[in-house]
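Chemist: Let chain A serve as the given structure and place chain B on it in line with the hints.
There are 2 protein chains.
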Amino acid sequence: MRAPGARQLRWAATTSATTEPTQGGQEGSKGTPTPPKAVKFTAESYPELKRDARFAEVTSDDVKFFQELLGSESAVIESISKDASDDIEPFNTDWMRKYRGHCKLVLKPETTEQVSKILKYCNDKSLAVVPQGGNTGLVGGSVPVFDEIVVNLQRMNKIRSFDQVSGILVAEAGVILEVADNFLAENNHIFPLDLGAKGSCQIGGNVAANAGGLRLLRYGSLHGNVLGIEAVLPDGTIVDDLCKLRKNNTGYDLKQLFIGGEGTIGIITGISILCPQRSSAINVAYFGLESFEAAQAAFKEAKGQLSEILSAFELMDGRTQKILSYVKDKKLPLEGEHPFYCLVETSGSNAEHDNEKLQNFLEHVMGEGIVTDGVVAQDQTQINELWSCRETVPESLGHWGGVYKYDLSIPIAELYQLVEDTRERLTKAGLVGETDEYPVVDVVGYGHMGDSNLHLNVPTRRYDKEVEKHLEPFVYEWVQKRNGSISAEHGLGIAKKAFIGYSRSDTMIRLMKQIKDLYDPKGIMNPYKYI
Amino acid sequence: MRAPGARQLRWAATTSATTEPTQGGQEGSKGTPTPPKAVKFTAESYPELKRDARFAEVTSDDVKFFQELLGSESAVIESISKDASDDIEPFNTDWMRKYRGHCKLVLKPETTEQVSKILKYCNDKSLAVVPQGGNTGLVGGSVPVFDEIVVNLQRMNKIRSFDQVSGILVAEAGVILEVADNFLAENNHIFPLDLGAKGSCQIGGNVAANAGGLRLLRYGSLHGNVLGIEAVLPDGTIVDDLCKLRKNNTGYDLKQLFIGGEGTIGIITGISILCPQRSSAINVAYFGLESFEAAQAAFKEAKGQLSEILSAFELMDGRTQKILSYVKDKKLPLEGEHPFYCLVETSGSNAEHDNEKLQNFLEHVMGEGIVTDGVVAQDQTQINELWSCRETVPESLGHWGGVYKYDLSIPIAELYQLVEDTRERLTKAGLVGETDEYPVVDVVGYGHMGDSNLHLNVPTRRYDKEVEKHLEPFVYEWVQKRNGSISAEHGLGIAKKAFIGYSRSDTMIRLMKQIKDLYDPKGIMNPYKYI
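Chains as they are written, first to last, in the UniProt record's numbering: chain A, 1 to 531; chain B, 1 to 531.
I should point out that these hints are in silico values taken from the structure, not numbers from a laboratory.
Mixed in with the good hints, there may be bad ones.
From the structure, some residues in chain A lie toward chain B, with a derived Cβ separation under 7 angstroms [said to hold, decoys possible]:
#	residue
1	210
2	212
3	245
4	250
5	254
6	409
7	508
8	512
Please read all numbers here as calculations on a predicted model, not as lab measurements.
The C-beta atom is built at its ideal place from N, Cα and C for all residues, glycine as well.
Here chain A stands alone, though its shape is the one from the complex:
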């Protein structure tokens, strides 16, 4: 597979894409990157959204109050008394450059007490608030829509404690995920969550978004690993549930409402989390398969034979690998073309044992014809090389300008069928093609197969109403019919708010609104989003 652009598709470098490029798109190594254009305001992309008149507008008196409260000059950024829009823009815009708000005030508290006083003040004055961590979300949840005040947690970045025997870490919400993981690595432990944005996302935001990522297959979800939370409710109440115990059956587990609550009922200021021992032996294999059925069989064998050392099972279809190879001008690890690829990672305490298990597994799946070809990394460089075939997929897909992205959970047997059906639908409508007259480049799928989590991606030359009409509600209806989830790990934010009904019943939505009203009766927390 050394000839990019061959056969099925011609990977023309984009020239006329009129859409905003994704972050990935800008970083692609092929073609001329589109110069960044001003990001469209969310309120323009979603004209049905109107500013809620119940909310007050920020005044210079408010600014004065916060300046006195937070003390430091750098803790308050505002464009009310002066024009400071350049400073404010990074807090108004998401990294995908898809969402942009009109915020005029950013606050950076340093303590939980400050957060409490901020929220109490805002609640009393009906000032709307958007909690913001690393601002790496994918659904527009961490930037304002109108003039909500941004409460950014970056200055709450202390690791409070770590217990070597139990593996329990207590840290403030603004600690960068990678910083936490590096700290744990020094202590021979691992953060039970890993994701592409680890260098900038914050652990409080991860918990608020209930991030899934690459280690969920092995270590489970944050609902199991987070042992305690410190959070602030809109009325200033400090939820002091920063439990450092693995077991504590004393009453309702309220902290769970904040995990995946996307900052709509309060602001997480600290977490306590159970961190596993770090594995000394890591192995990664990458293989090609003939069909999705074969990928399923391989997953079943991996579960059985790799069992306790299996730490990732990722799926990439052949198209994602071909695009990646073309865009990045990268030689793929396997010769020839395969309709599907899987990446398997093992993590264990004994390299020899793990190698033997992995070899047995590979011999079995190749002997049985489940896997067509495979390669095992021999050192850390090769491990990184194989992982890059999975991790640079999103970025490569952005090469032509934009990507329609769906993060879905579907019962595993039908996981990939959606990609086929969507491709067929868009192709029949005449929307997919090799040249610039077609908006859609291709329809591809990849994701966390071990968790039944598919990322359906539609790389496109321009955002196009006709494409959207063919994608939605089609994709959501398809998922609904299989009792799947329309947002497996990315959350609702503003992007999926309107579609929750495809994954939740009216009863569930009603019960959720009840919780929102209970904790945030004035609705000041992260408005216009979520449910």
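Modeler: For chain B alone, coordinates are given in the frame of chain A:
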């Protein structure tokens, strides 16, 4: 250690214990078991509890309604129109014979719709309700206090579905834990929860109580493993959240409130749970240690060296083993006496690898002098034999009549100190001794060390106000000072309701009451208990 009754304590068979024997006590193989006496009514043991006058009393019209609703004769047991108290008693009394209610009506619905109609009727008529699973709880949570209606889930016992690839089981609340685990064993999977009562407890009850048990160290808590819940709210609303997906980030995770909610906001009728692949290789080792510090060091080594195959790390002090040996007339696996014993279990997919890891671990901890002596089971019989040294402890301790039991979570460094401090306190007060004049036989500790979960037990010849005065609030205050939990895995029920303040702040309790009021404004669900 072949001479029971020697040295430190004389294990006199009880003759004068005036307390109700525990279930264990009756089954002890030494001494004359006290004949079961009538169980004292909870309302007498807790004279401060008064029947809530807001609740209606069950009438024969109500009985008629339920008979028509449930159809079958056997689905309604009542002592209103006729005297049927013998049939009712098992539903009124807990297995420890500590708690007893005055219930006159037991309902056994077979479908979620029936549960919905029952609760709606009860809510409309202000009839109080106690949800009941296998009635194996330890805190009196599953029996009525006064005349609450018992809704028993035993007829909702269907396994609805199981997916071989994902390992996701969907089953009704009334399925017995062991039945579920046996079903999964046939399908090469394992229920991620195991506990002594597995032969009679029900999975719905397990979830409502957030049971911990023996597999939590390896597979994590139910908050992580339960993927979905079907439940009925007091007003009859069916919470249809029976998600069969590992990931679903679409709104607040409301099901978490039912996990550990102890039936106070609704009745769980079904669960969806992620079940791991069953391990083909199981190893168990049992060893003696000189000190609790050595036990901690052994645990740290086990985490490091056994890592991904470690599936249990249990602690028993020397006194529990000595008592067990005496009461059960059982030869202990190790010669000599050791102040502490640990049981280590590994579960993995490759017996040879696991054996090697375990041998390396044992050689290391014995070479370093961390462990004094140890033995590894060679077959299933020996595995059972070693496990019985842990599992029959609670039963053996009941031999003298009663046991004061505390289920605590304490940061691991101080886990055992509480046992020492309590023993010293009771000894100084002249309450501990070898002869019948002393109420207390001994003060011992054992538990799930891997989870920092201590069972502090005080085997006693009779329940005694003086002993109680020296135990409480001492134990709770001790735990509070260490930010521990006064109920690690048993829950609150009626037993711990008054003590929640030692583990939760006033703010947390207030927020919990808010949730209770939201879902159960009339307070009909499992009243007089929990928070």
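Chemist: Does the CB of residue 254 (chain A) sit less than 7 angstroms away from some CB of chain B?
Modeler: 6 angstroms, holds
Chemist: Under 7 angstroms, Cβ to Cβ, is where residue 245 (chain A) needs to be relative to chain B, so tell me if that hint holds or is violated.
Modeler: 4 angstroms, holds
Chemist: Using the nearest Cβ pair, does residue 512 (chain A) come within less than 7 angstroms of chain B?
Modeler: Interface hint status for residue 512 (chain A): holds (5 angstroms vs cutoff 7 angstroms).
Chemist: Does residue 212 (chain A) pass the interface hint, meaning its C-beta sits closer than 7 angstroms to a C-beta of chain B?
Modeler: 5 angstroms, holds
Chemist: Would you check whether residue 250 (chain A) satisfies its interface hint, that is, whether its CB is within less than 7 angstroms of any CB in chain B?
Modeler: For residue 250 (chain A), the interface hint holds, since the closest Cβ of chain B sits about 5 angstroms away, which is under 7 angstroms.
Chemist: Go through the hint on residue 210 (chain A) and say holds or violated, using the shortest Cβ distance to chain B against 7 angstroms.
Modeler: 5 angstroms, holds
Chemist: Closer than 7 angstroms between Cβ atoms is the bar; does residue 409 (chain A) clear it against chain B? Give me holds or violated.
Modeler: At about 4 angstroms, which falls below the 7 angstroms cut-off, the nearest Cβ of chain B leaves the hint on residue 409 (chain A) intact, so it holds.
Chemist: Taking the closest Cβ pair, is residue 508 (chain A) under 7 angstroms from chain B?
Modeler: Interface hint status for residue 508 (chain A): holds (6 angstroms vs cutoff 7 angstroms).
Figure legend: structure checked against the earlier numbered hints; every hint is met.
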